[in-house]
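Chemist: Going line by line, the protein sequences match chains B and F.
In terms of the working numbering, the first sequence has 187 at position 176, counting the first letter as 1, and numbering is strictly consecutive.
In terms of the working numbering, the second sequence has 174 at position 152, counting the first letter as 1, and numbering is strictly consecutive.
Keep in mind that the hints were calculated from the coordinates and are not lab data.
Remember, it's a predicted structure, so these values are computed and weren't measured experimentally.
All residues carry an ideal CB built from backbone N, CA and C; glycine is no exception.
Among the hints, a few may not be true.
[To be verified] Computed list of lysine-lysine pairs in PhoX-like fashion (alpha-carbon distance at most 20 Å, straight line):
hint	chain 1	residue 1	chain 2	residue 2
1	B	Lys160	B	Lys40
2	F	Lys95	B	Lys196
3	B	Lys272	F	Lys215
[Stated by the list, open to error] Some chain F residues close to chain B (C-beta under 7 Å, calculated; not the full set):
hint	residue
4	Cys50
5	Ser51
6	Gly86
7	Glu107
8	Val108
9	Asp110
10	Phe113
11	Val209
12	Lys212
13	Met213
14	Lys215
[Said to hold, decoys possible] Going by beta-carbon spacing under 10 Å, a handful of chain F positions derived as facing chain B:
hint	residue
15	Met23
16	Arg24
17	Tyr85
18	Asn104
19	Ser117
20	Leu169
21	Ile170
22	Gly171
23	Leu172
24	Val205
25	Met211
26	Met219
27	Asp220
28	Ser226
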Amino acid sequence: MLKWKTHTPEGALDILEKECALKRDVEGKIKNIFSSHGYFEVQTPTFEFYDVFADESGEVDQTSMMKFFDREGRIMVLRPDITTPIARLVATKLQDAVLPKRISYIGSAFRDGDAHAGAIQKEFTQAGVELIGQNSPEADAEVIAITIKALLDVGLTEFQIDIGQAEFFKGIMQQTGLDDDAIEKMRQLIDGKSFVGIQELVDEYKIEENLKQLILELPNLFGGMDVIEIIKDRPLGEQAKKALDNLIEVYNILIDYGYEKYISIDLGMVQGLNYYTGIIIKGFTRGVGFPVCGGGRYDNLIGEFGKSIPATGVAIGIERLISALRHSGVKFDGAPEIHTLICYDNARSTAFKIANGLRSSGLCVEMWLGGDNAEEYANKKNIGGIVKVIDDENIDIVNLKDGITTRTSIFDLLGGENI
Amino acid sequence: MRYLTIALAKGRLSELSVEIFEKIGLDCSEMKEKSRKLIFTDEKNKLKFILVKATDVPTYVEYGAADIGIVGKDTLLEEGKNLYEVLDLKFGACSMCVCGFAGSKIPSGFIRVASKYVNIARDYFSSKKGQTIEIIKLNGSVELAPLIGLSEVIVDIVESGKTLKENGLDVIEEICKISARLVVNRVSMKMEKTRIMDIVDKVSEQIK
C-alpha cells in the first residue's frame, strides 16, 4: 500500500458527525447574527492567483501560503485569509455599491506552518464581517459589537476583546525620528513585551527623556480604561493624540452597546502595522492559548485593487472558538440522534409513506436495509424505537427503552391528511 | 482561583529558577524533594510547576499549556515561537559561538557547519555573513565534528570553553549572548494580567 494512502496531511482534519454537527451549529448561529445586522454572506474562490495576496503590506508572509501552479504556469494559492479576496471583490465587482457596504463570509482558509505543530491547523474556518466605505469610530465599534454578540450567542461568556490603535505606535515612532530599521527593532521588542530589551534600545538611541518614558511604558499599557488615564496627559504628537482620541471614542460607543465589560485596551499591540491603519482588535478567552478572533481597520487594502475605499472588519476562528466552548463546558444539545428505525417485509410503499410522515413531523428516521437483526442494530446505535410495518392496518411500534410493543395502523400513526 | 502553570527547563536552569521563586515567596518545596514527579504544586499561591525538556518550554507556553516559562535565549532563538519575552533573568549566561580549530578563521566560500541549532546557524551565515553553508544537524558532542572532518566549524553554546580547549578547538566568532528568559503566553498575559505581572515585577526586583 502507498505510504500516505490512509493518512490526512498534518494540519488537516476529518470531522466526524458529532463534531460536525456542533461546528455547523456554531457557524449557523454566527451567520444569523451577521445577517441580522445586515451583513450578507458572499463566497470567493478557495484558490486565487498568488498576486492577490502578494504585497508588501500583506498580512500573510509568502512562506505560509500554500502554492501550486495552473496549466499556464501561473502561481496559485489556497487563500490564506478571506478579507483580501473580499477587498478584491469590492474594488472590482461592487464599484457602484451603495456605501457603507456590509459583507460577511464563512469558509476555510489555509496557512502552511510547522509540520509538527499539530494543534495549529493548516486548514481552518474563518467567519467574519467587513464594513466597507466608512472611516468612523461607529464603524469600528459596530464590527466589534457584532463579534461580541456572536461570541455570546454561541455560549462563550468569559472572554476579552483587546483594542489597540496602529497609528498610536506609528505616531510615537515618528516623534522619535528613528529610521525604519530601528523602528522595526523597537516594534519587535514592544510586541514581545520585552521590558529590558526596550530599555536597552531607548538608551542606545538617545531618545529624549519624555518620549523615552512613554516608550518604556508601552508594553505595560494594557488593561482597563485606566491605561488611557495614564497616557492622556503625556507629550503626544498630533498623530498619536488623534489615534488615542479615536480609541477612546470607539470605547465609548461600545459602552453604549452595553459591552464595556468585554473590552480592554492594549496600546502595545503592534503586529501587522503595514496592514492595519487604525483600530486593531484581538479576542482572548480561557483554555485557548491563541486569539479566538482578530481584525481591525485596513483603509489601504482595497486601494491596492484599484479603488481606494476605507474598511474595517473582524474574523472569528471557528475551531479555536469551539475548543474554547469545550473548555468552558458549554453543553451542546444538537448532537445527531436517530429516533426511529422502520422495518418492512412486503409493505414497502406503506413503509416509505410512514417514514416520510414521521420525518415531516420532525423525527429523524432510518430505513432498515435488511441484514441480521434490526433490534440489535437499533440498540447498538441507541435508536429509541422500531416501527415494523406489516400492512396498512398492522404496524408494530417497539419502544426499545421499555420493551413495550404497541399495535397501530397507518391512519392512527400519521393522521388522515398525511396518508 | 485557577492554577497558573509555570514551565521550567529540566536541569540547572530549573534549580536557579527555584532559587528566585523562593526568594519572592513561592513555595517550591515539593520540587526540591528527590522524586520522579513532573508536576509540582504550590497550593497557597495556586501555582503548578512543570518540568519539561528545554526545547519544549516555548511550545508549552505558546500553546498556553503553561502560562509562564523559563528557558534559555538559545532555545527561544532556535524555536522561534510567538511569545512575550518579558525578562532577561541574567543567570545561565553563556554565548552562542562559531567554533573551530584554535587560532583559525571561518574559511571563506562554501563550508559545512555542524550544530544542534540549525536555525541560528542558518540565520547567522546566510543573513549576517552572506555565506553559503551546508548545515549538519547533530544532537550532542558537536565538538567532535571538526575533529573527524565532518564539518569545518560548529555553532554551539560556550560557557567556559573548557571542552573546546581540551579538544584543540576555540571560539572563532561570537554570534550572541545567551541567558535565561522569562516568557509568557500571549493570551495568559491578558487574561491573568494581575497575577502574572505580580510575579514578573517581583522577579524583576530580584535580578536588579
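Chemist: It remains to establish, for every hint, whether it holds in the given structure.
Modeler: Verification of the hints:
1. B:Lys160 x B:Lys40: It holds: about 10 Å lies between the C-alpha atoms, which stays within 20 Å.
2. F:Lys95 x B:Lys196: holds (17 Å)
3. B:Lys272 x F:Lys215: holds (16 Å)
4. Cys50: violated (24 Å)
5. Ser51: Interface hint status for F:Ser51: violated (28 Å vs cutoff 7 Å).
6. Gly86: Holds, because the Cβ-Cβ distance from F:Gly86 to chain B comes to roughly 2 Å (cut-off 7 Å).
7. Glu107: holds (5 Å)
8. Val108: This hint holds: F:Val108 lies near chain B, its Cβ roughly 5 Å from the closest one there, short of 7 Å.
9. Asp110: With a closest approach of 5 Å, the F:Asp110 hint holds.
10. Phe113: Where the cut-off is 7 Å and the nearest Cβ of chain B is about 14 Å from F:Phe113, the hint is violated.
11. Val209: Holds - the Cβ of F:Val209 comes within 7 Å of chain B, reaching about 5 Å at its closest.
12. Lys212: holds (5 Å)
13. Met213: Check passed: Cβ of F:Met213 comes within 6 Å of chain B, closer than 7 Å.
14. Lys215: holds (6 Å)
15. Met23: violated (12 Å)
16. Arg24: holds (7 Å)
17. Tyr85: Hint holds; F:Tyr85 Cβ to chain B Cβ min 5 Å, cut 10 Å.
18. Asn104: With a minimum Cβ separation of about 9 Å from chain B (threshold 10 Å), the hint on F:Asn104 holds.
19. Ser117: violated (17 Å)
20. Leu169: Hint on F:Leu169: violated, closest Cβ of chain B at ~32 Å, above 10 Å.
21. Ile170: violated (31 Å)
22. Gly171: Where the cut-off is 10 Å and the nearest Cβ of chain B is about 32 Å from F:Gly171, the hint is violated.
23. Leu172: Cβ of F:Leu172 sits 26 Å from chain B, so the hint is violated.
24. Val205: holds (9 Å)
25. Met211: holds (7 Å)
26. Met219: holds (8 Å)
27. Asp220: Nearest chain B Cβ about 13 Å off; hint violated.
28. Ser226: holds (7 Å)
In this structure, the earlier hints numbered 4, 5, 10, 15, 19, 20, 21, 22, 23, 27 are contradicted, and the remaining ones agree with it.
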